[in-house]
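Engineer: In order, the protein sequence lines correspond to chains V and L.
Taking the working numbering, the leading residue of the first sequence gets 1, the next gets one more, and so forth.
Taking the working numbering, the leading residue of the second sequence gets 1, the next gets one more, and so forth.
Each hint should be verified, as a subset may be incorrect.
[Unchecked claim] Which chain L residues face chain V? A few, computed with CB under 10 Å, are given here:
1) 38
2) 43
3) 49
4) 90
5) 98
Hints were generated in silico from the structure; no laboratory data involved.
Small disclaimer: the values here were computed from a predicted structure and weren't measured.
Where is the CB? At the ideal position from N, CA and C, for every residue including glycine.
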Amino acid sequence: AAGVIQSPRHLIKEKRETATLKCYPIPRHDTVYWYQQGPGQDPQFLISFYEKMQSDKGSIPDRFSAQQFSDYHSELNMSSLELGDSALYFCASSSNTGELFFGEGSRLTVL
Amino acid sequence: AQRVTQPEKLLSVFKGAPVELKCNYSYSGSPELFWYVQYSRQRLQLLLRHISRESIKGFTADLNKGETSFHLKKPFAQEEDSAMYYCALRGGGYQKVTFGTGTKLQVIP
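Chain V extracted, bound-state conformation (with noise of 0.2 Å):
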């Protein structure tokens, strides 16, 4: 069965760069969130969108900005990158069940 989709696993950048995660859904979720988790963190939710609109918000810096687009999959922007992003993105989508189906993650280090 066809999972959610993270792209990419691993990426590496400097300080004050710009970066990308991608989030493709399961088809059919129509809701999508995405969460970091730091270094032996829980999962802190930073977004989430339904249809296409955003229907909630959690601690996302205001150096990040996401969207879901018309194929409902997602993409996180971070950009002035810090030491502190370092950490693993996950996105998960769902459908009206309430059950989250994760992806793999992203892991990103700021170096």
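Given the coordinates of chain V, work out where chain L should sit on it, guided by the hints.
Structural biologist: For chain L alone, kept in the frame of chain V given last:
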């Protein structure tokens, strides 16, 4: 505001011993509660949800609204149960899912 609390960062038990992973929540309405599990080097995945009231891999969890708890239990721990366990809450509809800080379960052979 919704909040999930998992008081234990690490729980070590011997194989065959009972397991209880604690989860307490704070939410003003009627929440949906979930347990997610993350095995080593794998993605987060749903273990069980309170709505389904089923047992998965021998684990059960009962929603206690009076105590605002959703503890995860298993009568006899297995080595393959070693993983990170996250309790999660959704306020309903298409609201965000809030995760607890996670409990690492370590089953000692």
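Engineer: Does each hint hold? Answer for all of them.
Structural biologist: Verification of the supplied hints:
| no. | hint | verdict |
| --- | --- | --- |
| 1 | 38 | 9 Å, holds |
| 2 | 43 | 5 Å, holds |
| 3 | 49 | 7 Å, holds |
| 4 | 90 | 6 Å, holds |
| 5 | 98 | 6 Å, holds |
Every hint, counting from the list given before, is met by this structure.
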